Amino acid sequence: NAGVTQTPKFRVLKTGQSMTLLCAQDMNHEYMYWYRQDPGMGLRLIHYSVGEGTTAKGEVPDGYNVSRLKKQNFLLGLESAAPSQTSVYFCASSALAVYNEQFFGPGTRLTVL
Amino acid sequence: SQQGEEDPQALSIQEGENATMNCSYKTSINNLQWYRQNSGRGLVHLILIRSNEREKHSGRLRVTLDTSKKSSSLLITASRAADTASYFCATVLNDYKLSFGAGTTVTVRA
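Sequence lines, in order, name chains A and B. Residue 62 in our numbering sits at position 62 of the first sequence, and the numbers go up by one each step. Residue 28 in our numbering sits at position 28 of the second sequence, and the numbers go up by one each step.
One chain only, chain A, in its complex shape:
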């Protein structure tokens, strides 16, 4: 099993460009999450999904959109990138509600110039 994978690993964007980050999990997990990690701030939840076809806002959703068309995939989109979105983005999944452990992907390092 690959677990949770993220594509791409690194990306550099110019201000105003758009991009999509892809997260895939092969553990048949219902719940999926997108976080961003900034120095000294831990992880902050951007959006999450409790099942195929559902999405919900987390702590810092502005400037991001998500889609969960298939159970195994969770996409994070930036429509018009800003330098404040420079960060490391992590995807995670869990089998049940968050009382269970979350499994994390390796991260995507995004720089917006």
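Calculated from the structure, these hints are not laboratory results. This one's a predicted model, so the numbers in the text were calculated from it and none came from an experiment. No residue lacks a Cβ here, since even glycine has one placed at the ideal position from N, Cα and C. It cannot be assumed that every hint is accurate.
Computed cross-link-like contacts, DSS-like style, restricted to lysine-lysine with a CA-CA straight-line distance of at most 30 Å [unchecked claim]:
1) A:70 - A:9
2) B:97 - B:69
3) B:26 - B:69
4) B:56 - B:69
5) B:97 - A:71
6) B:26 - B:56
7) B:70 - A:70
8) B:56 - A:70
9) A:9 - A:71
10) B:70 - B:56
11) B:70 - A:57
12) B:56 - B:97
13) B:70 - B:26
14) A:57 - A:9
15) B:97 - B:70
16) B:97 - B:26
17) B:97 - A:57
18) A:9 - B:97
Partner residues are not named here, just some residues of chain A that face chain B (Cβ under 7 Å, in silico) [to be verified]:
19) 26
20) 99
21) 106
Derived coverage of chain B by chain A (criterion: at least 3 residues anywhere in the stretch with Cβ under 8 Å from a Cβ of chain A; other residues may be distant) [to be verified]:
22) 12 to 18
23) 67 to 79
24) 100 to 110
The hints should help you fit chain B onto chain A, whose structure is shown.
This is chain B only, laid out in the frame that chain A set:
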């Protein structure tokens, strides 16, 4: 806003020594989890302790929870170089969200 705060922010110890880090939180929780992050990698779940538990062990890890003080501690015994990482506590506030602290960076010197 972050629910949990780890203390200290950084810790440097000699191989073989024990490492202790603490987590304080603000509101009542269902459970508290500890994660490890090696440099440049994703987080890895270490241990979960429920609000009705006071202590839990997993290998060289020992976690305590004091709900009256709203605090938890993670003890790593007989540390190894491979334990060099950042450690995060995460509190569960509702069904779907973990709230992470800023982490403790542990360096184990050979």
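Evaluation of the provided hints:
1. A:70 - A:9: holds, 21 Å
2. B:97 - B:69: holds, 22 Å
3. B:26 - B:69: Holds, at roughly 10 Å.
4. B:56 - B:69: Holds: residue 56 of chain B and residue 69 of chain B sit about 17 Å apart, inside 30 Å.
5. B:97 - A:71: holds, 19 Å
6. B:26 - B:56: Distance ~21 Å between residue 26 of chain B and residue 56 of chain B Cα, so the pair holds.
7. B:70 - A:70: violated, 39 Å
8. B:56 - A:70: At roughly 37 Å apart (the allowed maximum being 30 Å), residue 70 of chain A and residue 56 of chain B break the hint.
9. A:9 - A:71: Status holds; Cα separation ~22 Å.
10. B:70 - B:56: Holds. Residue 70 of chain B to residue 56 of chain B sits at ~16 Å (cutoff 30 Å).
11. B:70 - A:57: Roughly 27 Å separates the two Cα atoms, so the pair holds.
12. B:56 - B:97: At roughly 22 Å apart (the allowed maximum being 30 Å), residue 97 of chain B and residue 56 of chain B satisfy the hint.
13. B:70 - B:26: holds, 7 Å
14. A:57 - A:9: Distance of about 24 Å is within 30 Å: holds.
15. B:97 - B:70: holds, 18 Å
16. B:97 - B:26: holds, 15 Å
17. B:97 - A:57: OK: residue 97 of chain B and residue 57 of chain A at ~11 Å, within 30 Å.
18. A:9 - B:97: holds, 25 Å
19. 26: violated, 15 Å
20. 99: holds, 6 Å
21. 106: Residue 106 of chain A check passes; min Cβ-Cβ to chain B is 5 Å, inside 7 Å.
22. 12 to 18: As far as the segment 12 to 18 of chain B goes, the hint is violated, because 0 residues have Cβ atoms under 8 Å from chain A.
23. 67 to 79: Three-residue rule not met by the segment 67 to 79 of chain B, so violated; n is 0.
24. 100 to 110: Coverage by chain A holds here, the residue count being 4 at a Cβ distance below 8 Å.
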